[in-house]
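K.L.:
What follows is the residue order along each chain.
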Amino acid sequence: MEILNAFFVSPFVDMAEYPVFFAEVVANGFLTGIMYSLVALGFVLIFKASETFNFAQGVMVLFAALTLVGLQERGVPTWLAIGITVGVMVLLAMAIEKVMLRPLVNQDPFILFMATIGLTFFLEGFGETLWGSNVKRLDVGIPERPLEVPLGGDFMLLNEFDLWAAGIGAVMVLGLALFFHRTTIGRALRAVADDHQAAMAVGISLRTIWVVVWSVSGVVALVAGIMWGAKSGVQFSLSLIALKALPVLILGGLTSVPGAIVGGLIIGIGEKIGEVYWGPLVGGAIENWFAYVLALIFLLFRPQGLFGERIIERV
Amino acid sequence: MFYREAGQFKSGYAADQAMFPIPQDRYVVIAIVAFAFLGVPLIANEYWLQAILIPFLVFSMAAIGLNLLTGYAGQLSLGTGGFMAVGGYMTYKFTTFWPELNIVACFLLSGLCAAGVGVLFGIPSLRIKGFYLAVATLAAQFFLVWTFNKVPWFYNYNPSGTVTAPPRTIFGTMFTGPEASAPARYLLALSIVVVFAFAAKNLVRGRVGRSWMAIRDMDIAAEIIGFRPFQTKLLAFAISSFYCGVAGAMSLFLWLGSVETEAYGIDISFQVLFMVIIGGLGSILGSFLGAAFITLMPILLTNAPQFFGFSMASDLQKHIELMIFGGLIIFFLIAEPHGLARLWQIAKEKLRRWPFPY
Amino acid sequence: MAGPETSPAEAILEVENVSLRFGGVQALSEVSFDVQSGEVRAIIGPNGAGKSSMLNVINGFYHPQEGSITFKGVTRRRMRTHEAAAQGIARTFQNIALFRGMTTLDNIMTGRNLKMKRNFLLQALYLGPARREEMEHREFAERVIDFLEIQAIRKTPVSRLPYGLQKRVELGRALAAEPDMLLLDEPMAGMNTEEKEDMCRFILDVNGEFGTTVVLIEHDMGVVMDISDRVVVLDYGRLLADGTPDEVRRNPLVIDAYLGTVRD
Ligand SMILES: Nc1ncnc2c1ncn2[C@@H]1O[C@H](COP(=O)(O)OP(=O)(O)OP(=O)(O)O)[C@@H](O)[C@H]1O
Ligand SMILES: [Mg+2]
Chain A
1 MEILNAFFVS PFVDMAEYPV FFAEVVANGF LTGIMYSLVA LGFVLIFKAS
51 ETFNFAQGVM VLFAALTLVG LQERGVPTWL AIGITVGVMV LLAMAIEKVM
101 LRPLVNQDPF ILFMATIGLT FFLEGFGETL WGSNVKRLDV GIPERPLEVP
151 LGGDFMLLNE FDLWAAGIGA VMVLGLALFF HRTTIGRALR AVADDHQAAM
201 AVGISLRTIW VVVWSVSGVV ALVAGIMWGA KSGVQFSLSL IALKALPVLI
251 LGGLTSVPGA IVGGLIIGIG EKIGEVYWGP LVGGAIENWF AYVLALIFLL
301 FRPQGLFGER IIERV
Chain B
1 MFYREAGQFK SGYAADQAMF PIPQDRYVVI AIVAFAFLGV PLIANEYWLQ
51 AILIPFLVFS MAAIGLNLLT GYAGQLSLGT GGFMAVGGYM TYKFTTFWPE
101 LNIVACFLLS GLCAAGVGVL FGIPSLRIKG FYLAVATLAA QFFLVWTFNK
151 VPWFYNYNPS GTVTAPPRTI FGTMFTGPEA SAPARYLLAL SIVVVFAFAA
201 KNLVRGRVGR SWMAIRDMDI AAEIIGFRPF QTKLLAFAIS SFYCGVAGAM
251 SLFLWLGSVE TEAYGIDISF QVLFMVIIGG LGSILGSFLG AAFITLMPIL
301 LTNAPQFFGF SMASDLQKHI ELMIFGGLII FFLIAEPHGL ARLWQIAKEK
351 LRRWPFPY
Chain C
1 MAGPETSPAE AILEVENVSL RFGGVQALSE VSFDVQSGEV RAIIGPNGAG
51 KSSMLNVING FYHPQEGSIT FKGVTRRRMR THEAAAQGIA RTFQNIALFR
101 GMTTLDNIMT GRNLKMKRNF LLQALYLGPA RREEMEHREF AERVIDFLEI
151 QAIRKTPVSR LPYGLQKRVE LGRALAAEPD MLLLDEPMAG MNTEEKEDMC
201 RFILDVNGEF GTTVVLIEHD MGVVMDISDR VVVLDYGRLL ADGTPDEVRR
251 NPLVIDAYLG TVRD
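Chains as they are written, first to last, in this note's numbering: chain A, 1 to 315; chain B, 1 to 358; chain C, 1 to 264.
Accuracy of the hints is not assured; some may be wrong.
Stated by the list, open to error - List time: in silico DSS-like cross-link candidates among lysine-lysine, alpha-carbon distance up to 25 angstroms:
id: 1; chain 1: C; residue 1: Lys72; chain 2: C; residue 2: Lys115
id: 2; chain 1: B; residue 1: Lys201; chain 2: C; residue 2: Lys115
id: 3; chain 1: C; residue 1: Lys72; chain 2: B; residue 2: Lys201
To be clear, the hints were calculated from the coordinates, so they are not data collected in a lab. These numbers were taken from a predicted model, which means no experiment stands behind them.
Make the full structure from the sequences, and use the hints.
P.N.:
Spelled out as structure tokens, the structure:
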């Protein structure tokens, strides 16, 4: 009885009694959610265009952040460092296309997936060989002043940084949507997603498309890396946190851009609420697995994810 | 020259159905197993046993387990470490609760526990496939490791949170615990692996193996033929997790002696997955080759710089190791997606035709 | 004998008023026909007429919105495909659905699966009963292999076989199940004349020697007229005609909708 009460009643009572605290938890989760969404977005882009489940997306975030910090530490001004890092990510995309994707074209998606796991290890080793592996602070000048937002006669504590992050996330999503719907190459990308043959018939080479998506994903990774790095330092665990983008993906559906966003927010917020209100009951650190178990349970009811297309089988 | 398939008379299908239809193969296997039992304990030193051979056996066991699930039944899993943890912690519980029970029996019981947990996490495989399933198995990985970390009952309320293998004897010989000699631990590990490797080989060449491969290659057609996808997949999860569980128990009791949950972390899951990829998906032999490769490579890398006469910071070395690791995986997938086992088979075919190329 | 040719007693399969929709697409509408035990029944019709869908309904892969299927006296609306297999229905597919990672022999052995009972523990040990069972079924599989004259490719992975042979192996896999009814979806598509002749011979032999009922979809009219006892004609999901090859050939509706465009 007491257990039931502890699990099913008192957390909700807490939420109702201290709405401001609850709002802060949600806002906190929201920010983490945006980070997840950004990583997940990178996945979705690549998956849509090449049916490759890019396990290395998380490590690309780390790699981009490491490169940026590394350049800054060597005295390169921030704006230039960002520019160079974008260049590095594009070069990386080209190298990946040449060395990995091209020889594996037409292979089973499974094989490509494993290859991206190999890529994960390679990039992690490469990034740390180049830039060292100690934790680094990343500062690109996003202000971090605390803000007090009035809420129902009380004040809710927010960080200006969080607002910026949310804003950047939104701009990123909007930018990608425009990119996909308004530019020639974007439309071509969508065409490939629908039909490889058709895209080639229109005269767009698959290689170009791959390089472009991987580059765009690289840039998305950089943005995620900047935000994450600024918040909690650039370190290896960045690529582990990025692993959490995986449940986000299956929640949202592998092919859906809005799915990545909504999935990220659900996981980010759900995880924080779970940790704060139920975590203490079971010993804490449930953030480690909450997202995965949530996604797992969800999948049992909707195997194709929230926004994924329903899989129809025929023989 | 001596290695010929044609011309070997097979008496009926029984001989053709044998595990190693070609006699030469059979002799080689018998010779290797005999050497492993009789020769190795005499010539291998402590370092070789503890740093190379025992981990090789532990990982072979886990790799066979994962290969049954991923290579044969086609269900990608990133939860190997979690299932190994079940084996390790449950053996610890069994043997501390019930010290007079034979330690091997404890291994097997904990393997059964792992099988049960495997089935539980395999249930979603009915509805979800491929990458979705891979992510779902991550749930098993993180949840299980968290559980063993957070529930003190599993480590007997020990304040340090570590579990240590208590000393256990079989027929008066000490096989586990700090006093157990390396050769003894090696021999026990070897016996377990040999028995279960043959069992796995038997499984995959019979009805069960065919049902797994059918589901892997084309699940719809498999169901139309009469395979029950759910049962087939769950059996794969159960048996695979059993192997991983026993491997986890071996890891604690016969290799490391004392572990915390990190010993069963996500890194282990990946490592075993790589063994399976590099060794060859859908090959028992490949599981061994992959385990050997991945256990030996770091040791080679550690010693290579000294060999060439320069030293390297251990940090840097670790990073370079990662790069080589990742690079090799990509290289293997491009050069030979079917892994070392396939290379071996090709070599054998060449040998068989030698000296006539056609 | 007066009255309908088919009394329910001899019909192994009865399809009654089956309608199947996919969203807006009406794949089948109110189709009824029957198949008699031991006959070769052909289903013909233009592309997209609903022929494959009909087979999929019969073996439980698609579930019709209306109508029923009665097989060997058991009526059902919904069933899982593996249950249909257990009842004695085996089939081949329009797009070959072999297990690509396995050899010819293993593919055919999968057809024996439903007849194999030994549990996995015995198998892991490969002891007495499991071993005997494996041998027994291996012998049956070898008979199928001899019958289809594919001894030479026994140990070849099927993904390396040419198209015609793959179709033959697929037939072998279905035969290995010793089905009461065999559903063949365009078994001769994409074959040359010689291969077609072989395939026709196999089908007729199976039907003649083992009395297996055969339902086949085929576009080659010559073949259909030669080997089938009765023909069902589908067009846009509707049943257009049903009768002996001669009757069907003379049916003006059929000539209009289908044969007219195909025949010389
Ligand atoms: N799983 C499905 N989902 C949606 N529509 C389907 C599905 N299966 C079949 N259809 C539709 O049903 C109709 C009949 O298809 P079916 O494959 O049965 O035709 P068919 O007679 O076998 O044609 P063909 O000669 O080309 O093989 C087609 O319009 C097809 O697009
Ligand atoms: Mg068809």
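K.L.:
If a hint holds in the structure, say so; if it doesn't, say that too.
P.N.:
These are the hints, each one checked on the structure:
1. Lys72/C / Lys115/C: Roughly 19 angstroms separates the two Cα atoms, so the pair holds.
2. Lys201/B / Lys115/C: The given pair, whose Cα atoms are some 22 angstroms apart, holds under the 25 angstroms limit.
3. Lys72/C / Lys201/B: violated (40 angstroms)
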